[in-house]
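Enquirer: Just remember that our numbering sits 10 ahead of the position in the sequence shown, which is counted from 1.
Source of the hints: derived by calculation from the structure; they are not laboratory data.
Treat the hints with caution; some may be incorrect.
[What the hints assert, rightly or not] List time: in silico SDA-like cross-link candidates among lysine to any residue, alpha-carbon distance up to 20 Å:
1) Lys-357 x Asp-324
2) Lys-305 x Leu-339
3) Lys-116 x Glu-190
4) Lys-116 x Arg-99
5) Lys-281 x Arg-248
6) Lys-182 x Lys-126
7) Lys-141 x Asp-224
8) Lys-189 x Asp-117
9) Lys-34 x Gly-330
10) Lys-281 x Leu-267
11) Lys-126 x Pro-137
12) Lys-240 x Lys-281
13) Lys-76 x Arg-99
14) Lys-229 x Lys-288
15) Lys-189 x Val-127
16) Lys-281 x Gln-321
17) Lys-56 x Lys-34
18) Lys-182 x Pro-237
19) Lys-182 x Asp-224
20) Lys-288 x Ser-302
21) Lys-189 x His-236
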Amino acid sequence: MTSIGSLKDEMTSYDRLMTAFERKQPDRVPVTPFNREWCLRQLGFKFSAAMTNAEIYAFSQLYCIKKFGYDMVLDFLAVHAESEAMGSRLHIPEDAAPSVAEPAVKDYKSDLPKLKVPNPWKDGRLPMILKGIQIMKSVCEKMNIPVMGYVQAVWRHTCMLRGVEKAMLDVKKNPDELKELCEIALESLIVYGNAVAEAGADLIWVSDPVSSGDMISRKTFEEFVHPFLKREIKALKRTGVKLFLHICGNVNDRLDLMASTGVDAISVDEKVDLAKAKELIGGQVAIMGNLSPGKTLLSGKQEDVERESKQAIDAAAKGGGFILASGCLTAAAMPPENVETMVRVVKTYGRYQ
């Protein structure tokens with residue numbers, strides 16, 4: 011694609027993103043940085059403030075999309091809320107994302123029977139997250155901006171309920187009990203995903219960072235991840251929302267499996283060659299990616315962001331079905347001018363002719 015100068019957009023952000031998710035060609039390449047804590051930082055809020063206040067988080071997202079002009083807002087994602095609502099205890103730092111301090115399932119025999127599927131509108135932190143989606147939807151619907159919700163993948167949820175290390179060991183030591191836990195996790199995520207759609211999400215990010223090639227083998231993926239993920243996606247697609255799957259890390263040996271889950275798009279990080287991904291799975295799914303959140307967006311200069319953005323567009327934008335995005339969540343300290351550069355590049359270099 012070639013630069014033809016900065017032109018006025020011909021489509022709304024909503025129509026542009028939905029067109030790309032349908033593997034068609036919009037007016038220009040859509041763009042989104044995955045900027046959860048970054049938006050909070052722009053307004054001086056610490057991460058912990060958003061853990062108890064839907065209005066703070068929603069306002070930060072709405073403020074930044076109006077100021078910087080990218081193409082979608084994100085819900086309060088990846089804070090293990092689904093697992094917390096089922097009994098896992100979180101460690102919540104003052105100004106960083108939470109982690110699971112104590113998983114709910116320490117012993118299968120005694121703890122599995124205690125697990126209950128949460129009511130998303132009543133239990134734990136889930137109602138607050140849904141409220142945030144509703145707030146953003148009430149504003150974004152008038153602006154034709156899509157709202158992205160978030161639901162854990164089954165394997166991630168299972169690992170947050172059991173503990174990552176124990177779940178990995180259970181693949182060999184306790185496979186039957188592990189699969190039973192996966193079934194319970196699946197049921198709870200379907201219930202929560204339906205609530206996310208009901209709250210107003212136009213698309214849902216399904217996240218599974220513990221299922222990359224850096225964490226598990228393809229064989230383990232095929233047995234413990236893919237079957238449950240496929241069922242989760244099938245159930246959530248009945249809500250009518252668009253779905254994309256993001257797995258951090260090296261997924262080059264399982265892109266085909268990811269695409270076969272039924273999602274509309276695959277989001278990849280910097281370890282994946284976009285051109286090869288487009289060639290391999292571009293006929294099945296849209297592709298999102300894959301600017302480096304650390305090397306480029308946090309530590310790079312504007313010319314680095316421009317160069318990498320253009321390389322991504324050249325690699326995967328032809329014919330449509332591509333969204334320029336960060337390869338994962340961006341850092342709170344990311345320079346605002348690097349976001350401005352991403353947006354500028356798609357509005358000039360990223361136009362379809």
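Enquirer: State for each hint whether it applies.
Expert: Taking the hints in turn, this is what the structure says about them:
1. Lys-357 x Asp-324: 14 Å, holds
2. Lys-305 x Leu-339: Since the Cα atoms of Lys-305 and Leu-339 sit roughly 13 Å apart, the hinted pair holds (cutoff 20 Å).
3. Lys-116 x Glu-190: 14 Å, holds
4. Lys-116 x Arg-99: This hinted pair holds, its Cα atoms lying about 12 Å apart.
5. Lys-281 x Arg-248: 32 Å, violated
6. Lys-182 x Lys-126: Outside the cut-off at roughly 26 Å; violated.
7. Lys-141 x Asp-224: 35 Å, violated
8. Lys-189 x Asp-117: 14 Å, holds
9. Lys-34 x Gly-330: 5 Å, holds
10. Lys-281 x Leu-267: The given pair, whose Cα atoms are some 17 Å apart, holds under the 20 Å limit.
11. Lys-126 x Pro-137: Between Lys-126 and Pro-137 the Cα gap is close to 17 Å, so the pair holds against 20 Å.
12. Lys-240 x Lys-281: 24 Å, violated
13. Lys-76 x Arg-99: 35 Å, violated
14. Lys-229 x Lys-288: 24 Å, violated
15. Lys-189 x Val-127: 16 Å, holds
16. Lys-281 x Gln-321: Distance of about 14 Å is within 20 Å: holds.
17. Lys-56 x Lys-34: 39 Å, violated
18. Lys-182 x Pro-237: The hint holds at about 18 Å.
19. Lys-182 x Asp-224: 18 Å, holds
20. Lys-288 x Ser-302: With a Cα-Cα distance of about 18 Å, the restraint between Lys-288 and Ser-302 holds, given a limit of 20 Å.
21. Lys-189 x His-236: 12 Å, holds
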